[in-house]
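Colleague: Letter by letter, the chains look like this.
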Amino acid sequence: MEIGMLPISASKRGKLLAAGYTTLHSIARTSPTHLARDIEVSESEALEILNVATRTSTLDRSCGSNTNIIDGGQTAWDMFNEERFSSLITTSCVDLDNILGGGINCKEVTEIGGVPGIGKTQIGIQLAVNVQIPLEYGGLGGKAIYIDTEGSFMVERVLQIAEACIEDMSEYSHHFHKDNQAYGVKMHPNSILENIFYFRVCSYTEQIALVNYLDKFVTEHKDVKIIIIDSVTFHFRQDFDDMALRTRLLGEMSLKLMKLARNFCLAVVMLNQVTTKHIEGSFQLTLALGDSWSHSCTNRIILYWNGNERHAYIDKSPSLKSASAPYSVTSRGIRNSTSSSKRIKMV
Amino acid sequence: MANKLINQMALPKSIANIFAARNIITAKDALSLTEFELMELLDVGMAEVTSAMAHISEVVCPPCQTALLLMEQRVRNESLAGHLPTRLKGLDEALCGGIPFGVLTELVGPPGIGKTQFCLKLSLLASLPVNCGGLDGRVIYIDVESKFSSKRLIEIGTKSFPEIFHKKGMAQEMAGRIRILRPTSLSEFAESLQRIKVSLLQQQVKLLIVDSMAALVLGEHDCGASRQQALGWHVSFIKSLAEFSRIPIVLTNQVRSHIGDESLMYSFQAQSRPTKEDNPVTFDSHLVAALGINWAHAVTIRLVLESRSGQRFIKLAKSPMSPPLAFPFNITSSGIVLLDDDGIEMKGPEINTIHCQGQNALFNFEF
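So the sequences go chain by chain: X and Y. Under the numbering used here, the residue at position 279 of the first sequence is numbered 279, and the numbers go up by one with no gaps. Under the numbering used here, the residue at position 44 of the second sequence is numbered 44, and the numbers go up by one with no gaps.
The shape of chain X in the complex, shown without the other chains (with noise of 0.2 angstroms):
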């Protein structure tokens, strides 16, 4: 392990290569005093200097012990067992749940995108309302954060949306507890719309500035379960000249987010726009934000038109399989497709 990989500052480093120091071995065997006289720093920054390159050696130091091999990892075993009590979030739409395996995946970054018009910021919209079912009814009981990047957040079609879902929970209590009126459900749409938190960011610094103060808004606020961000593409489109920049900023902003992901155990949904790109002697429809960014994302669906109805494309997915399935948008939110043959088809 090189001195060169250690997160500490250039000068430092300048200073253990000069004095001799090029592995992580060599200060390993060293004591804070001996180090700060050869480097000449304090003595307090020696101890800093010798605490990180313990913590980074432990991650490659191999014990020989069964079950905790490497610090701080996970075995496969452990994320099964993990997995299957894992939380979905419906999109209301049964076939588009089923292509989904359930549905929305807490723990991941999934990317939605497709051309004005096809229904992103419906989808967005429904997935906030949906996370806030009550756990009696199958769902997560928690909060949403929507950032707004492009002032497409209409709250008259949310509070639609919202509606429309307690009707539909009331139907079903109905339906299952005939007999006990207790059951009714006691939601009313303005408290879902309470549990929305929403953002507005105005330029890429804001929302880069955003992504990073989420760390402490979720911290402060255990129960959000989704973030959406539509769409996460608006401003990165504009106003960048140094293309490269762009690339590294909007892969650190991704990996900010799979953290958040991971380690508060809720879903990220980023939207996504449409741009032409010239593959194969032709043009054709690709998202936006280049080929790197398709990277960042664990899991990417498409939305299209496939003659009169909509369609959702599974694009990659660590394990769902590529099919795509039909959904429509109704003034109720995102549902079934009204065609009769509602088919499935696996690509």
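Treat the hints as calculated values from the structure; they're not laboratory data. Note that the structure is a prediction, hence the values are computed from the model and not measured. Glycine is no exception: its CB is placed at the ideal position from the N, C-alpha and C atoms. Check the hints yourself; a few may be wrong.
In silico DSSO-like pairs for lysine-lysine, Cα to Cα no more than 30 angstroms straight-line [to be verified]: (1) K216/X to K347/Y; (2) K197/Y to K216/X; (3) K316/X to K347/Y; (4) K107/X to K321/X; (5) K347/Y to K321/X.
Which chain X residues stay away from chain Y? Per the calculated CB distances, all over 12 angstroms, these [as the list claims (entries may be wrong)]: (6) K222; (7) C265; (8) N306.
Here are the computed distance ranges between Cβ atoms for each label pair [unchecked claim]: (9) E2/X to S187/Y: 50 to 56 angstroms; (10) D136/Y to A244/X: 47 to 53 angstroms; (11) D29/Y to K259/X: 23 to 29 angstroms; (12) R29/X to S267/Y: 38 to 44 angstroms; (13) S51/Y to F80/X: 43 to 49 angstroms; (14) P129/Y to Q284/X: 35 to 41 angstroms; (15) G251/X to S226/Y: 26 to 32 angstroms; (16) D29/Y to K321/X: 52 to 58 angstroms.
Please arrange chain Y on chain X, whose structure you already have, making use of the hints.
Modeller: Frame of chain X; chain Y shown alone:
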């Protein structure tokens, strides 16, 4: 927000000095670098960079609201919870009240279909007093192609609201609230917007109309990339203007012919696309909106005006609040009039294609 100065953010003195020494003055400078790059540049440890950035991010980050708060604010402070009624019953119902505040509404259609007529009516509606369903405010009309006709404006006014306009001096008062600007270039347009910003802050201007956006942009650059960039910047600016002043902004757009015999598809769709020999090349006389796909994403509401077999339709092609509905309309002496308030729902590619068939009489005035 992004231009906040770092030395005014109450960071610990030592780190604030280091930021200044490396010429990172505003929050934007700091946030435009990754944390690793900052660590290299400032020559401090990762932990310090992370905590400084967390502090800066918290200061720069936009305030948090809840959706409920938004709704209550709008119901309380704005007329009709943030809508400008168009007096076209079917359209107003579909839009939950009318043209929404704070977002961009686009009017697109072939020449002579009625876009400017619609804009004239809207400017009148915004200048009317509140008890007549207006916004009682000033209107800024950016007239790029010199299509504004004050004579026609007064005619629409007198025919649609005779009880107001026949009163002495009212016509002058209403028409006096509409200011027409004629910028000849995109940069001049941006300058006028900067000046308008002040009146927006003082809340006198209640509606901004740009007729037409396409003429401003397309007249300017030949090359695709620089035009897209210029458009992108102006769109962002207009959007933020709409957002912070909470007024409706209506922009008109032109059409262009659809090149190619098939619509664009994704790569996974290409596998199931029928071969070209099966489909004879059809020359459909349909058009598409100009200004590109970025623009289509940027507008929140898109109203398409088209004509099919001699009948004109106004289509709600993109709206977060309603399904894509098409309403037949005519242009009369009192402006646009809907023939049917229920609207026909459209699906699929029909939503965005623009027809221009059978439009022999450009204006079918009924007197």
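Colleague: Each hint should be assessed against the structure and marked as holding or not.
Modeller: How the hints compare with the structure:
With a C-alpha separation of about 44 angstroms, the suggested pair K216/X and K347/Y falls outside the 30 angstroms cut-off, and the hint is violated. Restraint check for K197/Y and K216/X: not satisfied, since their Cα atoms lie roughly 35 angstroms apart, outside the 30 angstroms limit. For the hint pairing K316/X with K347/Y, the CA-to-CA distance comes to about 27 angstroms; that is within 30 angstroms, so the pair holds. Of the pairs offered as hints, the one joining K107/X and K321/X holds, with about 19 angstroms between alpha carbons and a cut-off of 30 angstroms not exceeded.
Taking the CA atoms of K347/Y and K321/X, the gap is about 28 angstroms. The hint holds against a cut of 30 angstroms. With a least beta-carbon separation of about 15 angstroms from chain Y, K222/X lies farther than 12 angstroms from that chain, consistent with its non-interface assignment. Separation of C265/X from chain Y is adequate, the least Cβ-Cβ distance of about 21 angstroms exceeding the 12 angstroms criterion. The claim that N306/X lies off the interface is violated: its Cβ sits roughly 8 angstroms from the closest Cβ of chain Y, which falls inside the 12 angstroms cut-off.
The supplied range of 50 to 56 angstroms is met by E2/X and S187/Y, whose beta-carbon atoms lie about 52 angstroms from each other. A beta carbon spacing of about 51 angstroms between D136/Y and A244/X agrees with the range 47 to 53 angstroms that was offered as a hint. The given range of 23 to 29 angstroms is respected by D29/Y and K259/X, whose C-beta atoms sit roughly 24 angstroms from each other. The hint said 38 to 44 angstroms for the Cβ distance between R29/X and S267/Y, and at roughly 55 angstroms that hint is violated.
Range check, S51/Y to F80/X: Cβ separation about 36 angstroms, and the 43 to 49 angstroms hint is violated. Between P129/Y and Q284/X the beta carbons are some 53 angstroms apart, a value that contradicts the proposed interval 35 to 41 angstroms. Checking the proposed 26 to 32 angstroms range against G251/X and S226/Y shows it holds: the Cβ atoms sit about 27 angstroms from each other. Distance hint check for D29/Y and K321/X: the Cβ-Cβ separation is about 46 angstroms, which falls outside the suggested range of 52 to 58 angstroms.
Checked against the numbered hints given earlier, the structure breaks hints 1, 2, 8, 12, 13, 14, 16 and satisfies all the rest.
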